[in-house]
Amino acid sequence: MVDLLNLQKAFLETYEGTRSFKDFVKINAVSPENRFSVYKGNVEGAFRNALEGTYPLIWKLIGQKCADGAAYAFIRAQKSYPQEGTLLNWGRDFPEFLKTFEATKVLSYLADFAKLECFTGESLCAEEKVPLIAGDLKNIPSQHYERLIFIVHPSLFLFSSSYPLDQILEVVEERALSVTLENRGAYALIIRQEARINTHWLSEAEFTFFSYVSSGLSLGEILEKMGERKFDFQETLSFSLKNGVFSDYIFMTE
Amino acid sequence: MPINKRVGLGLRPPHYQYIIENGPSIGWFEVHSENFFMRGGPSLQLLDRIGEGYPLSLHGVGLSLGSAERIDSDHLKQLKALIERFSPFLVSEHLSWSRVGGQYLPDLLPVPYTDEVLEIFSNHIDEAQSFLGQEILIENPSSYLEYNVSTMTEPEFLNTLCQKTGAKLLLDINNIYVSSVNHGWDPSLYLQSIPPSFVREIHLAGHSQKTFEDGSSLLIDTHSSQVCKEVWALYAEALQLGMQVPTLIEWDTDIPDFEVLMGEARLAESYLKEQKVIYG
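In order, the protein sequences belong to chains S and V.
Using my numbering, the first residue of the first sequence is number 1, and each one after it goes up by one.
Using my numbering, the first residue of the second sequence is number 1001, and each one after it goes up by one.
Mixed in with the good hints there might be a few duds.
In the EDC-like style, the derived pairs of lysine to aspartate or glutamate whose C-alpha atoms are separated by at most 20 Å in a straight line are [said to hold, decoys possible]: (1) V:Lys1168 - V:Glu1156; (2) V:Lys1080 - S:Glu127; (3) S:Lys9 - V:Asp1072; (4) S:Lys40 - V:Asp1214; (5) S:Lys40 - V:Glu1213; (6) V:Lys1273 - V:Glu1237; (7) S:Lys26 - V:Glu1156; (8) V:Lys1080 - S:Glu128; (9) S:Lys60 - V:Asp1254; (10) S:Lys26 - V:Asp1115; (11) V:Lys1077 - S:Glu128.
Source of the hints: derived by calculation from the structure; they are not laboratory data.
With the hints as constraints, model all of the structure from the sequences given.
Dropping the structure here:
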């Protein structure tokens, strides 16, 4: 008699190709290997579909054949199984894998583009919070401004790259037929508003400002750190309130 | 019309907008629970809207009641939160496993039908039903292999499970057909072995055939086509046996226009209303 845990471990090892499952299977017209192969195909297919669900623009950018090849290579090489019974959060290592996969490693920007797409998905599924609007701040006495700490909306993600991801996105989303990639980086702020994900492209100074806000610094500390950077605080605050960047505020204790 | 005379559809993303804009005449919708395990966002909001107009059923694919190890308490908590938010009229899971050593394989993997597994599965159902405060239905799987250590048939295992736990069955007629062809079972005998009082829901779907290099073949539960005539005939048999319960049309691969699904649903509803008999 085989106990269930050993049988299930044997199943996993057979899936990984390190043992055979045929001793567990009733023998008849279809071989145990063929029978097992259906489950292996189902599992790999579900992983592949989850990756395409998280990275649809990668599939569009490099084409289905190449993307499928990368996906199956990732699935077979990584053996990084989900630790939970859902694939919603699985596949976060795929962008790094694209840097090493033979057919994609020449596309040096691809991993960053995939990370951007991954953050877009995370933003879409983030916790619901009502964003702050300008009226929420109007009663704050001006002498408290320096101690103000903004809490960023749960759907906000910041991402910087040394590649012009905004240009690549324009082509993938067919807003431009082709581009000559500029030799510069890109700074993105990703946020959900209503049911829509917006990716805002920022200047380096604006990105630095939002990074400080995200790290929990007070407004006084942030403005001191920003120093001489070319940066319009009023305009950035107005942008933040218009685009739902903050969900709350607190005051730094004195 | 009572819900047990109504046919539902598996709710899938390509149809969300159509349903919200057109409010089609369908009895209810079923969703895969794990597709809504996010903390917020438009998917949950859309389901809120659809739930305002239709009864909902939650169908889980990842609880892994058939694992040797304990069931995942975080998974149960997320499922409970969904139940509280959407008040489904049915909650279901599968006679399968998908987790070993804390690692999840995303498929409905078969369990051997033994006393040991019956004990483990029963304990897990008890734990889940107690935590959720909710009866759960267990769906018979499509299977592609049988274990040589099994000591019970699948219907015997399911019936004993229901008797021990008070759980009820989601009988997937397509799965009965697929497994019967794959293992040489008699699908009518399978149906006749299940007490109708255990059955709370029926699933209908399409399947495909996979032929291997050596010429052998298996039916695969792909949910990628219309319900075949053999499965309609089995459905008619199930109704004649007294299994008049909410019936769902599932379609998950190569998803067609909503109207195609509605055509399948109307056909199922005509069976359900008339207990249509297939002759010949």
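- Violations among the numbered hints: none
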